[in-house]
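Asks: For chain L, the structure is supplied; the task is to place chain W on it using the hints.
For the record, the sequence lines run as chains L and W. Our numbering numbers the first residue of the first sequence as 1 and each following residue consecutively. Our numbering numbers the first residue of the second sequence as 1 and each following residue consecutively.
Since the hints were derived computationally from the structure, they do not count as laboratory data. We put the beta carbon where it would ideally sit given N, CA and C, even for glycine. Zero decoy hints are in this set.
To give a feel for the contact side, a few chain W residues facing chain L, derived at Cβ under 10 Å:
| id | residue |
| --- | --- |
| 1 | 99 |
| 2 | 102 |
| 3 | 103 |
| 4 | 146 |
Heads up, incomplete: computed chain L residues facing chain W, CB under 10 Å, no partners named:
| id | residue |
| --- | --- |
| 5 | 9 |
| 6 | 11 |
| 7 | 42 |
| 8 | 44 |
| 9 | 61 |
| 10 | 62 |
| 11 | 63 |
| 12 | 64 |
| 13 | 66 |
| 14 | 67 |
| 15 | 68 |
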Amino acid sequence: MTVHARVLVRPKAGILDPQGVAVERALPALGFEGVSNVHVGRLIELEIEDPSQLESMCEMLLANPLIEDYEIVPVQRPDADG
Amino acid sequence: MKFGVIRFPGTCDEVDAVLACERVPGASAQLLWHRDADLAGVDAVVVPGGFSYGDYLRVGAIARFSPVMESVIRFARDGGLVLGICNGFQVLCEAGLLPGALLPNIERRFICRQVNVEVVRSRFPFTADTAAGERLSIPVKHTTGRYYAPPEDLETIESGGQVLLRYADDANPNGSSNDIAGVSNAAGNVFGLMPHPEHAVDPLSGSVDGLKIFTSMAHAHG
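Here chain L stands alone, though its shape is the one from the complex (with noise of 0.2 Å):
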């Protein structure tokens, strides 16, 4: 049986994210207004029948841990939703 997963990468704090940087200075010229701290990361979805393997998995292939953060976000099992 698989579970979703959902594995959330960010740019590490500290270093410069241009892409945040682009979206925090749009955002105003749309009236949207204080706005500060944007980063852009990714979202990566998966099934997988083993989920104790996603740590590793993150820390070969998903992220690369001297840049990026990730999070494992709680998997959900498809049966269990009723």
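Replies: Same frame as chain L, but now just chain W:
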């Protein structure tokens, strides 16, 4: 001296790299296919520029796990000469053969222009045919060329003399830490740089300075 130049799906600079290697007196070059783990007995490996495996996920991330790269990693650990150019530099960082990583350019744009890089160290084997302080005119063309290493790693790299090339004239095109354009591993047998020496080997393209990287490697081989 036999150079091997790797071709991944999405590589685009391998032919120029082969032509550059073949300009070195007494040298020959052949392509190495990404799925082939056999390095065909080459004396040095060039990981060229391009967009390996589409650069999906992260630049260089997927190429690092190809059969040929597993062999290149062993080859490098045994002391073999490995040169990574642009995407090849990114692949070598992802493979852990070089310190640090490459991030998107600070200005968020693709850059394509001739730059001057200064030789920091004339070091065997990659910059032996240059002099410290010499300027090399070599083009850059990349979107993800901002060299980054965590502060403690950066200090190790600097104090260990691993920085071989820096962007000169305060004209750092991409926001790289310490203006670093090219860095080697601690042992000195693996070197990566964002500028493209293989595009600066013929007077027709404005500079032949890039050839010195390839001739240095050949002289190191003896």
